[in-house]
Amino acid sequence: MWVVVIKKISSAIISILSITLVIFLLLKTANTQSLDAILLNDNPLSDTSLITQYRNYLTNIINGNWGYSSINNQPILQEVIALIPATIELTFFATLMALLIGLIAGTVATIFRHTFIDFFVLLISFVGYSVPIFWWGLITMLVISLDWGLTPVSGRIGFLFDIEPITGFMLVDVFLNDVSNRWEAIKSIFNHLILPAMVLATVPLSIIARTIRAALIEILQKDHILSAFARGISGVKIYWIHAIRNALAQSMPIFAMQIGALVMGAIITETIFSWPGLGKWLIESLNRGDFPAVHGSTIMLIFIIIVINSLLDIASAIINPRLRKF
Amino acid sequence: MNLKACSKHTLNPLMLLLLVLLVSACDNTPEQSIMRQGLVFCSEGNPDTLNPQFATSGIAFDAGGRTLFNRLVQLEPGTSTIKPSLAESWTISEDGLRYQFTLRRDVQFHTTKYFQPSRAFNANDVLFSFNRQRLQAHPYHFVSRRSYPYFDSMGLRELIIDIKKIHNYSVEFHLARPESPFLSILAMEFASIFSAEYAQRLLEEDQQELFDLFPIGTGPFVFVRHVQDSHIRFHAHPQYYKGPEKIKYLVFAITPEPSLRYARLTAGECDVMANPLPAYLNLIHKNKTLDLYQMTGLNIGYWAFNTTKPPFDDIRVRRALNHAINRQAIIHSVYLDSAEIAESPLPPSIWSHHTELPSYTYDPVIARKLLKEAGIEQLEIDIWAFNIQRPYNPDSVKMAELIKRDLEQIDIKTNIVTLEWSSFIHRVSQGQHQTALLGWTADNEDPDHFLTPLLTCDAAMTGSNRAFWCSKDFDGHLNSARKITDPNQRADLYYQAQETFKSEAPWLTIAHATQYIAARSHVKNLKQTPSGGVYFSGVYLER
Amino acid sequence: MLNKSNIYIQEKIPGPIAEAWHNFRKNILASVALIGLLVIIFLALASPLLVPYDPNFQHENAYLVQPSWMEGGNPAFIFGTDDLGRDLFSRMLMGARLTLGSAFIATVVSLSLGLVLGILTAIGPRLISTLFLRFMDMLLATPSLLIAILLTALFGATLFHATLAVAIALTPHFGRNIHQLLEEELAKPYVEAALLDVPNIFRNVFRSIFPNLFGRLAVQMMLSFSIAVLDIAALGFLGLGASADSPDWGRLLSESLDYIQIAPWTVTLPGLAIFVTVLCINLIGQGLSQALDPEKY
Chain C
1 MWVVVIKKIS SAIISILSIT LVIFLLLKTA NTQSLDAILL NDNPLSDTSL
51 ITQYRNYLTN IINGNWGYSS INNQPILQEV IALIPATIEL TFFATLMALL
101 IGLIAGTVAT IFRHTFIDFF VLLISFVGYS VPIFWWGLIT MLVISLDWGL
151 TPVSGRIGFL FDIEPITGFM LVDVFLNDVS NRWEAIKSIF NHLILPAMVL
201 ATVPLSIIAR TIRAALIEIL QKDHILSAFA RGISGVKIYW IHAIRNALAQ
251 SMPIFAMQIG ALVMGAIITE TIFSWPGLGK WLIESLNRGD FPAVHGSTIM
301 LIFIIIVINS LLDIASAIIN PRLRKF
Chain E
1001 MNLKACSKHT LNPLMLLLLV LLVSACDNTP EQSIMRQGLV FCSEGNPDTL
1051 NPQFATSGIA FDAGGRTLFN RLVQLEPGTS TIKPSLAESW TISEDGLRYQ
1101 FTLRRDVQFH TTKYFQPSRA FNANDVLFSF NRQRLQAHPY HFVSRRSYPY
1151 FDSMGLRELI IDIKKIHNYS VEFHLARPES PFLSILAMEF ASIFSAEYAQ
1201 RLLEEDQQEL FDLFPIGTGP FVFVRHVQDS HIRFHAHPQY YKGPEKIKYL
1251 VFAITPEPSL RYARLTAGEC DVMANPLPAY LNLIHKNKTL DLYQMTGLNI
1301 GYWAFNTTKP PFDDIRVRRA LNHAINRQAI IHSVYLDSAE IAESPLPPSI
1351 WSHHTELPSY TYDPVIARKL LKEAGIEQLE IDIWAFNIQR PYNPDSVKMA
1401 ELIKRDLEQI DIKTNIVTLE WSSFIHRVSQ GQHQTALLGW TADNEDPDHF
1451 LTPLLTCDAA MTGSNRAFWC SKDFDGHLNS ARKITDPNQR ADLYYQAQET
1501 FKSEAPWLTI AHATQYIAAR SHVKNLKQTP SGGVYFSGVY LER
Chain V
2001 MLNKSNIYIQ EKIPGPIAEA WHNFRKNILA SVALIGLLVI IFLALASPLL
2051 VPYDPNFQHE NAYLVQPSWM EGGNPAFIFG TDDLGRDLFS RMLMGARLTL
2101 GSAFIATVVS LSLGLVLGIL TAIGPRLIST LFLRFMDMLL ATPSLLIAIL
2151 LTALFGATLF HATLAVAIAL TPHFGRNIHQ LLEEELAKPY VEAALLDVPN
2201 IFRNVFRSIF PNLFGRLAVQ MMLSFSIAVL DIAALGFLGL GASADSPDWG
2251 RLLSESLDYI QIAPWTVTLP GLAIFVTVLC INLIGQGLSQ ALDPEKY
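Residue numbers (the numbering used here), protein chains in the order written: chain C, 1 to 326; chain E, 1001 to 1543; chain V, 2001 to 2297.
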C-alpha cells in the first residue's frame, strides 16, 4: 500500500512542477514585466538562462515569495491564506450536500428502477447537469432569498456579528471568539451558507446521483448479490453492506474528476453570492489588473486541486485494491 | 412573473425538500438583540484608505473622515455656516493672516486593542496633523508613500507659513496671504485631527505604516476591523465629546453591485444604502418600508480630455467633441432624468454659479466642420470608464456607450476601456488616459473647492486636474478671488473664470446629478452630506 | 440488372449506425432534443437574416421594455429591450452564433488534439506515451476557468482566448478517452487478425478500428460540446470572453445584472437559452449512448 501512496505523492509533485513550468513559460511569453511584478526581490530574473530563471521562480514559489498586490501592497501569500478558508468552508459543505443527496437520489432511483421515480431522478439530474451555474445562482437568489425571504441575500454571516477572523473558518472562529449570542451567530452562518452551498452542489450532485445509480445497477446484477437476495437477506442490509459501499468505492475516481469543476463552480458562486473567498478575490483582482494577486490565487487553486485529487486517489486505492494498478 | 415561471421549471425538487428541512431547522428570524443596536450601511465601494489626508473618494470620507475623526471647525449640515468643533472659538487678525484657535478640553481619543491613549486631545495633535502634510522633514510625511492630494492641490503648503502652539489649548496659524475660504478649508475632511501620541508610540516601535491602517481619532466611532472587499466594522466611541452615539455598532458592508445593494436593503441586511440606481428609485419610492432621501447634489459629471495629448491639445477638437454629444439623451437614459444638464463646472446651488454661460449646442454638423478645420480626417479615441457607480454618474460605461453612438455620427471611432475604480483613479491621475469620464462632488459650498482642485495648474501637477489643462487667465481669476472677502467681487471673478473654462472646453460638462440614499424606515435622523455621503452621527433606530 | 433482385433468401442486418439511428428514434425525449437543437443551430446560423433590428442599435425611449407576452410588452420587441433600448431578441440571436460557434470550434479543436494524443499514447513508444498521459492527467484536473483566467490576465480578454482555454481544458478528456478505447480495441481478436493481414498498425487503426469507435466518439463529442457551451457562457459572464460590442449569452446576461430586480427577463432569457441548449445537447448525448448500447440501460 505504501508503494501506492509514494507513487501518488510523487506524481502529484511532478504535476505541480510541470504546472509551474507551464505557468512560468506563459509568463515569459507574455512579457517579463508581469513576472517581475510577482517576484520583485533579490533574485534578478533578467540576464540569466531560462533554466536558472525557472529555478529562481520555483524557489520563490516554494519560499512563499509570491509578490505583492499592486493595489494595496500586501504580500500575496498572506492574503491568499486569509481568504482560502472561506472558499474551503463553502466547498466542503457543498460537497457534503452533493454526496448526501446524490447518494440518496441514486439509491432511490435504483430501487425503483424503470418506474416513474427513476425516470424523474434521471431527468432532474440531467437538468442539474445542464444548468449554467451562474444563472441558477441568480435565479435561486431572486426566488428563495428575495421573493420568499427564506435565506439572506449574500455574505457569510449577519454583518452585525463581531467575529474576528482567527482561523478564517467562520464555524471555528465563532467558538474562538467571545460572542455573547453564539447560537444566533451559528444560525446566521448556516443561513448564509445554505443557498450558495446548494447552488455549488447542483452539478456534482447530479453527477453523483447518476454515477451511483449506474454503479449500483451493475453491482446488483452480480452473482453474490443475487444469491444474497435468494437466501432471503433483507434488502436494506444488502443495499447498505454490499451494494452502496462498493458503488461508492467504485465511483471514487469519477468524484475526483469533479474537484476541478467544483473549484470553477466555487469561483462563480462566490462572485454571485458575494462570498468573501479566494474565488471572488481572484475575479476582482483580474478586473482591477492586480496581476500578482491573480497569479497567486490561480497557483493556490491549482495546488489545492492537485493535492485533493492525490488524496482521493490514495483513499480510493486503499478502499478499492483493484484500482491500485493505476 | 416571468421569473417565477422559469424557476418553477428548473427548481430541483430534491433541493427544495432539503431546503425546507434546513430552513425549518434554523428559521430566519432576524437576530433581534444586536439588530436593535447596530446599523449596516451598504457602501458602493472599498475606501482606498481610511486616512482622510490621502483620500479623494467620497467612500473614504464616509468611512474614515467623518466617522473616525473631527476637525477644528465644522460646517452646519446643509449650510455653509462654520461651527466650532475641536476648536471652541477662534479669532482672526485684521489683516486676515493670523488665525488663533482655542481648543476644547477633555476630548478623548479612541481606546482600542491596539492603542490606549494616556492623555486627552491638545495642541500637539493639531500640530502633528498639519505638519505631517506640510513638512517634508516630518517623520511621518513619507509614511505609507502616498501623496496629500487636497493639501497639495489647494496650495496649502505655500499658504500656511507656520503653525504655532501658544499653549496646550491654543494654536495659531500664520498665512502667507489673506485667504477668505480658510475656515471652510479647515472644515474639510483632510484637515482631520490625528493622535500625536499614537504616532509617537508607533515611531518608537518602528511600525509607522500601521498608523494609517489602524486609525485612531476623536470621532463618533471607533475602528474595529477592515476586511478588504467585505466590510469595515466600527463601534460607538463611549467617551465621544458630544456624548456617545445611539447606534452602538456601525458596519460598512462593501457592496459594489447596485442590484445586490438594493437586494440587501430590501432583505433587511442593510439599513442604509448608498446611491441607488436611478432605475430603482421608483421601486424604493413605492416600498413602504423604505425611505428615499434626496438632495440637489453639489456635483458635476464630466468628460475630461487630456489636453497634453494630441489631438486634444487642439481647442477646435475639444469644441467639436462638445458639439457632438447629445447630453439630453444621456440625462434621460443614464440618469433617468434625475439630473440636469451642466454648462458650468459649478452646480447651480453654489453662489457664484454662472447662469448665462454660452452652451455648445448638440450639432454634429458644426462638430464635423470644427474637426475639418483642425485638419482631422480620421480619428480613433479611447474613452475610459470605471466599473462602479458614483453619485455624479450612476453608470459610466453606459454613458460611454451613448457617447460612442454619438461619435459614430461624426465618424470618430471609439474604444471604451472599463477599469476597476482604484486603478482607474490611479492611472487617470498619472495622465495615462486620452479621455475619461469623471466627476466631482464638493466638500462644501465654496466655489473655490470646485475650481481649484479640478482645473488649476497646481492641480495639473498633482493629477487631480484630470484634463491636465493649465490656463494662466483662469488661475489668475481664482488667485485674485481668494484674496478678496467681498462676495460680489469674488463672484465676478468666478464668472470670468467660468467663461474662460467654457471657451477653452477642457471638458464636456455633462450633468449635475441629484443625490439619493435609501434607508429602511426605522432609521431616523439620517442626514446627507453635500458630497453625497451620509452623516452617521446622530442617527438612531426606531422599531 | 440481375443484381438488383434477391435471388437468395437473405436476412438484412442493418449496419451499426443504422441500428443506432433506429434505436435513437425510439427515444422520444432525445428526438425532441435533437429537433430543438437543430432549430437553435438554424436560428444561430441564419441570425443575420432573422434579426429584426441591428443588435447594437439603441432604440430611444424604449428602455427596458418588457417581453411581448407580458403586460406592457411591445410586440415590436419579442423578448423586450435592455437598459440601452437594444432589442434583446436580436442580441440573443447574435449571441447564439458566438456562444455555439466558439463552443463548436473548441470541441472540434480539442477532438483533433485529443485524437492525436490518444493515438500517440495508445500505439506510440512507451516513453512518449507515459509523458503525454502524465501531461493529460495534469490538465485533466485543471478547470477551463483557471486556464482562461491566466490567458486573460496575460494576453487580455477576448473570445478567442476563452475558446482556446476551453479547448485546452477539453483536450485531455478526449485524449484519455480515445487512449482507453483504443487500448480496449487493440486487445480484441479482430485487430490481431487485421494485423496479420496488413502489418501496419497505423493503417489498421484508421481502417478497422475507428469505424467501431465512431459511436463512442460521437457521445463524447456531445458531452464535450455541452461542457464547452457552459464554460464559454461562464467565461463570458465573468467578463473573460466576448467583448461588450458583440456579447455572447453569458456576457449578455451579466450586462443586465444591475437591473435584475426591475427587468428580470434580461437575465432570465439568455440564461434560459443556455440552459435549454445544453439540456438538448445532453439529452441527445444520452440518447446516443443508449442507442449504441441498449442492454446497459
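In short, the hints are calculated from the structure, not lab data.
By construction, the Cβ of each residue, glycine as well, lies at the ideal position given by its N, Cα and C atoms.
Treat the hints with care, as some may be off.
As the list claims (entries may be wrong) - Dumping the calculated EDC-like pairs for lysine to aspartate or glutamate here, alpha-carbon to alpha-carbon at most 20 angstroms: (1) E:Lys1248 / C:Asp162; (2) E:Lys1113 / C:Asp173; (3) E:Lys1248 / C:Asp118; (4) E:Lys1246 / C:Asp162; (5) E:Lys1413 / V:Asp2137; (6) E:Lys1288 / V:Asp2054; (7) E:Lys1398 / V:Asp2137; (8) E:Lys1372 / E:Asp1458; (9) E:Lys1369 / E:Asp1337; (10) E:Lys1113 / E:Asp1212; (11) E:Lys1242 / E:Asp1048; (12) E:Lys1113 / C:Asp178; (13) E:Lys1404 / V:Asp2245; (14) E:Lys1398 / V:Asp2054; (15) E:Lys1083 / E:Glu1504; (16) E:Lys1248 / C:Asp147; (17) C:Lys237 / C:Glu218; (18) E:Lys1483 / E:Asp1152; (19) E:Lys1483 / E:Asp1106; (20) E:Lys1413 / V:Asp2245; (21) E:Lys1248 / C:Glu184; (22) C:Lys7 / V:Asp2137; (23) C:Lys8 / V:Asp2137; (24) E:Lys1288 / C:Asp173; (25) E:Lys1369 / V:Glu2060; (26) E:Lys1286 / C:Glu164; (27) E:Lys1113 / C:Glu164; (28) V:Lys2026 / C:Asp147; (29) E:Lys1404 / V:Asp2137; (30) E:Lys1113 / C:Asp162.
As the list claims (entries may be wrong) - Derived list of chain C stretches under chain E, where covered just means 3 residues or more per stretch with a C-beta under 8 angstroms from a C-beta of chain E: (31) 142-156; (32) 159-168; (33) 279-289.
Of the hints given before, which are not true for this structure? Violated hints (numbers, rising): 3, 5, 6, 7, 8, 9, 11, 15, 16, 19, 24, 25, 26, 28, 29; every other hint is consistent with the structure.
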